[in-house]
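Using the sequences plus the hints, can you model the full thing?
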Amino acid sequence: MATRKKVLLKVIILGESGVGKTSLMNQYVNRKFSNQYKATIGADFLTKEVQVDDRIVTMQIWDTAGQERFQSLGVAFYRGADCCVLVFDVTAPNTFKSLDSWRDEFLVQAAPQDPENFPFVVLGNKVDLEPRAISTKRAQQWCQSKNNIPYFETSAKEALNVEQAFQSIARNALSQQNHTVDLYSELPEPISLTKTAPRNNGDSCAC
Amino acid sequence: MSAEAETNDVEPGAAPESMLIISESSENLQNMSSSLDEIKKMQPDNQDENINNVDPDDYDDISCNTIATGDDYIKDNDWLGKSKHIFVLSSAGKPIYSRYGNEDKFASYFGVMQALVSFVQADNDSLKSIHVGNTKFVFLFKEPLILVSISKTGESVSQLTAQLNYVFNEIVSMLTLSRLSQIYQQRRNYDLRRLLAGVERLIDSLLDFSDSEPSFTLGAVKCLPLAASIRDTISSAIVQSCSKIKDLVFAILLANNNLITLVRMKKYYIHPADLHLIFNLVRASESLKSAESWTPLCLPRFDSGGFLYGHVSYLSEDCQACLLLLTVDREAFFTLSEAKQKIVEKLRRANCLEGINESLNVREETCAETGFPELRHYLYKCKSTAQFYQPGVGAPYMSDYGRLLTLYRRAHQRLHSTSRPLKLLYEKSSDEVLLAWDTKGFELYVVLEPSTDKSATIALIGKLLTWIKKQEDRLFHLNAPTF
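Chains as they are written, first to last, in the working numbering: chain W, 1 to 207; chain R, 1001 to 1483.
I should point out that these hints are in silico values taken from the structure, not numbers from a laboratory. It is possible that some hints are incorrect.
[What the hints assert, rightly or not] Some residues of chain R that are not near chain W, with every Cβ distance over 10 Å (derived):
(1) Asn1256
(2) Arg1264
(3) Ala1350
(4) Ser1384
(5) Trp1437
[Stated by the list, open to error] Looking from chain R toward chain W, a few residues come up when the C-beta cut is under 10 Å (computed):
(6) Ser1091
(7) Ala1092
(8) Arg1099
(9) Gln1114
(10) Ala1115
(11) Ser1118
(12) Gln1121
(13) Asp1123
(14) Tyr1184
(15) Asn1189
(16) Asp1191
(17) Glu1354
Glycine residues also receive a C-beta, built at the ideal position from the N, C-alpha and C atoms.
Following this line, the structure appears as structure tokens:
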């Protein structure tokens, strides 16, 4: 497979409006920050190449709108994601409380094959601001209760931990992809003509 | 129209039985019957007698199922200036193919395309096209893929959609629809490019091919002009050499994107759209010239659920016609290799290789050379056999065949417009006169000198049809030989 292309990862960013999803992306992809708030309409899309160990992967980042009135992108929108990033604002308790519903919403809409082990990453953003409303411990506890989701505290403004967080996102997403490769090497010959029904009869599932 | 045209009992090129399925409408692979299973289940003897004279209506189940960042590119005038972009993405929005540029570099655009499709789908609707100035954005959602064409070529939405269907079929031909669906059922985030390494080249070729010639628009194939006796000899050489090989479904001989002959198993037909994929495979694969090849190939209109296996080889060093023997038996390579040798020997003894070469080496006559000075060019399609003919290209289109194609595509669209189809189109401009005529039996597109008036045009068309009728057994494959 020497000619194999770079792996492409679909990464969805979710969270309440104003927690800094777009700012995090901008910091990560463009190394820029602006204090000005502009609501995302629908979704923004960014691409970034990143190295994970010895592999270069392309991250296709789907920055979504946190405001409810813009959340009508259709059920197909979240499908086929490799990783979901949940963002909250450490100074705004309601944004932390809503992580549960964002996570549930994502699992319903994206309907991943194995929801228990689907890779999430949680980012507590705006750690440069005071007063702090959600402690590190509280956030970590929530993450542990959800099958050990990796947790990062970030500041898009100060570029704090942003690079590391996205590195972890890429790594987690990639682990899913590697899993996929294994799955396909176990597949039998493409289509057996002697089989009368070429439909999936479940015997090739690696789970 | 012209009295002369009406006196022709049967339109030129028509035959009692066609080797091709003829259907106008676009694709619906899901409704395909499973031809492969049927063949597999057939008795070894094939029970020829019983299916010898099956009425064509019995084939309805087959024939009617017709059915880093992107900023680099945004600023790249060369990329932006392309007249037609084609993109393929998974329904999750992951890039699979882009006609120009490295799709990794503008992965974000694929996200936008998916979001647009998804947004409209949320209302149980589907996005067909967006029109911005002269640019058309055409979307085709064929589960599990999304195909997008962004075109400034002036082609209609239905023509662009048809081309996207071809791209989808090209992908299916390498994987089968069953496997493609299965992959995404199991992993919606799958990056299909892993499986399609090398297929990009075929899609590139398919797009150039379909942009540069009329057979895709017409849904027809062109035959290599050959004396009927030579064509018949070739067909019977194939039949004789292969008649004992069970499970051989089609034998196809082609050269230079022209069909020489096609022999088929009784009861099975090939669709022109599948034949175009085969032409494209041969056209795009130089490597086939150097050795005998054995390749799995899915013909989506024939059976999207499984592979046929093709023995592919050129006849000989001194005759560049390509022979494909398609079977459902994946162990048949050596049997077919032997059969091929027999075919070549027979053809050589009967001087057919020379006959093919002669036709390949002769430049096709232009209208003027066949005695029609006012006629510049034309396309004639016989509907019942899905074959067409066009003469050699003369002035003033020799250096600009593309303009001629654009004229034909526009006329084709006017005749086949879903909202207001036309039977007859007559257009006069300072550059040329264009006439397009859709009858029960044929379609005719004629380009004439701008000075030609209506009555002269009508008289010419009568004469032209008579000429084609006289030449029909050379220009068309009128027999439908079977094993």
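Results of checking the hints against the structure:
Every Cβ of chain W is farther than 10 Å from the Cβ of Asn1256 of chain R; the closest lies at roughly 30 Å, confirming the non-interface assignment. Every C-beta of chain W lies more than 10 Å from that of Arg1264 of chain R, the closest at about 18 Å, which supports listing it as non-interface. Every C-beta of chain W lies more than 10 Å from that of Ala1350 of chain R, the closest at about 35 Å, which supports listing it as non-interface. Every beta carbon of chain W lies more than 10 Å from that of Ser1384 of chain R, the smallest distance being close to 32 Å; the non-interface claim holds.
Every beta carbon of chain W lies more than 10 Å from that of Trp1437 of chain R, the smallest distance being close to 44 Å; the non-interface claim holds. With its C-beta approaching chain W no nearer than about 6 Å, Ser1091 of chain R sits inside the 10 Å limit, and its interface hint holds. Given hint, Ala1092 of chain R at the interface with chain W, holds; its Cβ is 2 Å from that chain's nearest Cβ, closer than 10 Å. Because the beta carbon of Arg1099 of chain R sits about 16 Å from the nearest beta carbon in chain W, more than 10 Å, this interface hint is broken.
The beta carbon of Gln1114 of chain R is positioned within 10 Å of a beta carbon in chain W (closest approach about 7 Å), and the interface hint is therefore held. The restraint placing Ala1115 of chain R at the interface with chain W holds, with a minimum CB-CB distance near 6 Å, inside the 10 Å limit. The restraint placing Ser1118 of chain R at the interface with chain W holds, with a minimum CB-CB distance near 4 Å, inside the 10 Å limit. Of the supplied interface hints, the one on Gln1121 of chain R holds, with its beta-carbon coming within about 5 Å of a beta-carbon of chain W, less than 10 Å.
Hint status for Asp1123 of chain R relative to chain W: holds, with the closest Cβ pair at about 8 Å, below 10 Å. Against a cut-off of 10 Å between C-beta atoms, the interface hint on Tyr1184 of chain R holds, since the closest Cβ of chain W lies about 8 Å away. Taking 10 Å as the C-beta cut-off, the interface hint given for Asn1189 of chain R holds, the closest approach to chain W being about 4 Å. A cut of 10 Å between beta carbons decides the hint on Asp1191 of chain R: the least distance to chain W is about 6 Å, and the hint holds.
Annotation: Glu1354 of chain R was flagged as interfacial toward chain W, and the flag is violated, the nearest CB pair being 39 Å apart, outside 10 Å.
Hint compliance for this structure: hints 8 and 17 are not met, and every other hint is.
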